[in-house]
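Note that the protein sequences, when read in sequence, are chains H and U.
Heads up: the first sequence begins at 1 in the numbering used here, then just goes up one per residue.
Heads up: the second sequence begins at 1 in the numbering used here, then just goes up one per residue.
It is worth saying that the hints were derived from the structure and are not from the lab.
Accuracy of the hints is not assured; some may be wrong.
[Unchecked claim] Computed beta-carbon distance windows for the label pairs:
1) 161/H / 261/U: 21 to 31 Å
2) 174/U / 158/H: 25 to 35 Å
3) 129/H / 87/U: 50 to 60 Å
4) 245/U / 33/H: 48 to 58 Å
5) 158/H / 119/U: 46 to 56 Å
Positions of the beta carbon are idealized from the N, C-alpha and C atoms, including for glycine.
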Amino acid sequence: MKGKVKHAMAADDNDATRPRPTEIEIRDLHKSFGATEVLRGIDLQVAPGEVVCVIGPSGSGKSTLLRCVNLLEEPSRGRIVVSGTDVTDPDVDIDAARRRIGMVFQQFNLFPHLTVSGNLVLPQRRVLGRDRRTADRVARENLRRVALDDKADAYPAQLSGGQQQRVAIARALAMDPRVMLFDEPTSALDPELVGDVLAVMRSLAADGMTMVVVTHEMSFAREVADRVVFMDEGRVVEQGPAAQVIGSPRHERTRDFLTRVLDPAASKL
Amino acid sequence: MTSRLSRRQWRRVSRVVQYALFFVVLGLLVTTADWTRLGNQFAQKDLVARLFPDIITTALVNTVVYTASGFLFGLVLGLVIALMRLSSVAPYRWAAGVYIEIFRGLPALLIFIFVGVAVPLAFPGTEIPGGTYGKVALGLGLVAAAYMAETFRAGIQAVPKGQMEAARSLGFSHTRATVSVIIPQALRIVVPPLTNELVLLFKDSSLVLFLGVTLQERELTKFGRDLASQTANSTPILVAGLCYLLVTVPLGFVVRRLEARAARAR
Ligand SMILES: Nc1ncnc2c1ncn2[C@@H]1O[C@H](COP(=O)(O)OP(=O)(O)O)[C@@H](O)[C@H]1O
Ligand SMILES: [Mg+2]
Numbered sequence: 001m002k003g004k005v006k007h008a009m010a011a012d013d014n015d016a017t018r019p020r021p022t023e024i025e026i027r028d029l030h031k032s033f034g035a036t037e038v039l040r041g042i043d044l045q046v047a048p049g050e051v052v053c054v055i056g057p058s059g060s061g062k063s064t065l066l067r068c069v070n071l072l073e074e075p076s077r078g079r080i081v082v083s084g085t086d087v088t089d090p091d092v093d094i095d096a097a098r099r100r101i102g103m104v105f106q107q108f109n110l111f112p113h114l115t116v117s118g119n120l121v122l123p124q125r126r127v128l129g130r131d132r133r134t135a136d137r138v139a140r141e142n143l144r145r146v147a148l149d150d151k152a153d154a155y156p157a158q159l160s161g162g163q164q165q166r167v168a169i170a171r172a173l174a175m176d177p178r179v180m181l182f183d184e185p186t187s188a189l190d191p192e193l194v195g196d197v198l199a200v201m202r203s204l205a206a207d208g209m210t211m212v213v214v215t216h217e218m219s220f221a222r223e224v225a226d227r228v229v230f231m232d233e234g235r236v237v238e239q240g241p242a243a244q245v246i247g248s249p250r251h252e253r254t255r256d257f258l259t260r261v262l263d264p265a266a267s268k269l
Numbered sequence: 001m002t003s004r005l006s007r008r009q010w011r012r013v014s015r016v017v018q019y020a021l022f023f024v025v026l027g028l029l030v031t032t033a034d035w036t037r038l039g040n041q042f043a044q045k046d047l048v049a050r051l052f053p054d055i056i057t058t059a060l061v062n063t064v065v066y067t068a069s070g071f072l073f074g075l076v077l078g079l080v081i082a083l084m085r086l087s088s089v090a091p092y093r094w095a096a097g098v099y100i101e102i103f104r105g106l107p108a109l110l111i112f113i114f115v116g117v118a119v120p121l122a123f124p125g126t127e128i129p130g131g132t133y134g135k136v137a138l139g140l141g142l143v144a145a146a147y148m149a150e151t152f153r154a155g156i157q158a159v160p161k162g163q164m165e166a167a168r169s170l171g172f173s174h175t176r177a178t179v180s181v182i183i184p185q186a187l188r189i190v191v192p193p194l195t196n197e198l199v200l201l202f203k204d205s206s207l208v209l210f211l212g213v214t215l216q217e218r219e220l221t222k223f224g225r226d227l228a229s230q231t232a233n234s235t236p237i238l239v240a241g242l243c244y245l246l247v248t249v250p251l252g253f254v255v256r257r258l259e260a261r262a263a264r265a266r
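Can you build the whole structure from these sequences, using the hints too?
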C-alpha cells in the first residue's frame, strides 16, 4: 500500500472495494486568532492507512491544523470530516468523535497523579465504560506494543522523556483510535531518546494506522511517509511523495525551508 | 599591633555573644517576675478542677463545631467563587473579584457584627437558620470563602493546560476531565493552604465573644473570660489557651508535613 496513495480524486476511483475513500477530509479550513489568520484555506485528504508527514517553519500553523482536526481549536470556516463524522457540524457529539482520534503532544501530557497503567486504564473506563479487567488487559497489550510493559506501576515522573512519550502513544492506542495525530512527538526529547519513539511510530505505520505527523525528522518522513505536506503561512504550499517534496522540491519556499532544516544534519553526516 | 581576628574567629565570638544575650534576657525575666502572684492569678489548682468537664464538653466542642461549620460553608462558597473567577462569563468574574477584595479587606470582627445586625434588618422577620450556630457559620464562612476562593483558583490554574487538552483529546467531556484529571491534581496543591485556613478559622471562632450567646453556646474564649470574671482569677484564660494549642499545634505540624511532601513531589 505504501507509495500508492489515494488522493482526493479517489472518489472518482473505480476501486469499489474501498468503502470510504478518505479517513480525514479537510476542506477550505480557515482559523483566526483575533485579527491574525493562522490557517488560510487548507485542503487536505488522508486515505485510510496513509501516513502523512506535515513539515514547515515554526508558526506556519501545523499545530493549529492538527488541533482543528480534533476540535481542540474551533475552525473559523471550513469543513473537516474524520472517519465519516463531520466534526465541524455544530450538532456533532465531539466527545464521541474525539474517542476515534488519538493525539500525541510534544509535551507528552501524561497524568502525573496516576501510574503508567492508571494513565491507560482511566480513559478506557471513564470514557469507553470498559470494565476493570478489559481495561487492564488492553493497557497491558498496548504497553507491550511500546515495549514498556515492565513500567506499568511506575509514575510518569520516574520515566525518561522517550518512555513518557511511548506511554502517551500507548494511552492513545488503548482507545482504539482510527486515526492518530502526532504534534512534533520527538521535539522535546534528548537526541538519544528520539529513536525509540520513532521506532514505535514506524511499527504503527506498518500496522496500517492512519497517521498525520507534524515533524522535523526528515529521515523519518522520507522513510515512513506516504506523502509529505509542506506548509507555510497557513497554506499548503506543496505536497507529494516524500522523495519528491524532500528530494526535489518545486517551490522556492520549500527549498529554503529544507536547506535550513537539512543543513545542520548534512554537516553531521 | 595585636593580630586581627580571622573571619572564623569573628563568627565564633558573635555566636557566643548571641547565646549570652539570650540567657541574660531570659534570666532577667525569670528573676524579676513575681511568680507567686502569677501563680495565684493563672494557675489555681482548685479552679482548674472546676473548669472540667465543661471546658471540654461545651467550650471546646462548640469551638470545633463553629470552626467546622464555618469551614464547610466557606469551602462550598469558596469553590463556587473560584469557579466564577475562572468563568468565561465576564460578570461572574467581576462579581467574584469584588467579593474577594471586600471580604479579604475587612476585619472579620466587622463582618461578624454586620451579619448579626444587617441580616435581620435587610430581611425583616427572617432568622438566620441555626441560630447562633448559623450566624457563626455565616460570619466565619463569608470571610474564609474569600481566602479559599483564591486558594482554589491558584490550585486549578497550577494544573498545566495540557492536562485538560490531553483528557479532552481522549474523549473526556469538560466536566469529566475536571473531575477525574484536574481536581485530583489541584487538590494536592490546595490541601496544605486549606489546612492552614482551618487553623486560622479555629482561632477566629473566638469572635463569638462579641455575639450574645447562651451558656450552652459558649466557645473557649467566651467560656474562659466569663469564668475569669466570675472568679476574679485568670486561670480559666490560661486553660482555654492551652485547649487552643492542643488543636492548633498538631494541625500546624500536619500543615508543615503536607507542605514538605508537596515540595518533594514537584
Ligand atoms: N491560542 C492562540 N492564540 C493566539 N495565537 C495563536 C494561538 N495558537 C497559535 N497561535 C499563533 O498561530 C500561529 C501558528 O501557530 P502553530 O499552529 O503553533 O504553528 P506551528 O505548529 O507550525 O509552529 C503562530 O503565529 C501562533 O503564535
Ligand atoms: Mg507546533
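Going through the numbered hints above, which ones does this structure break? Give me the numbers in ascending order. 3
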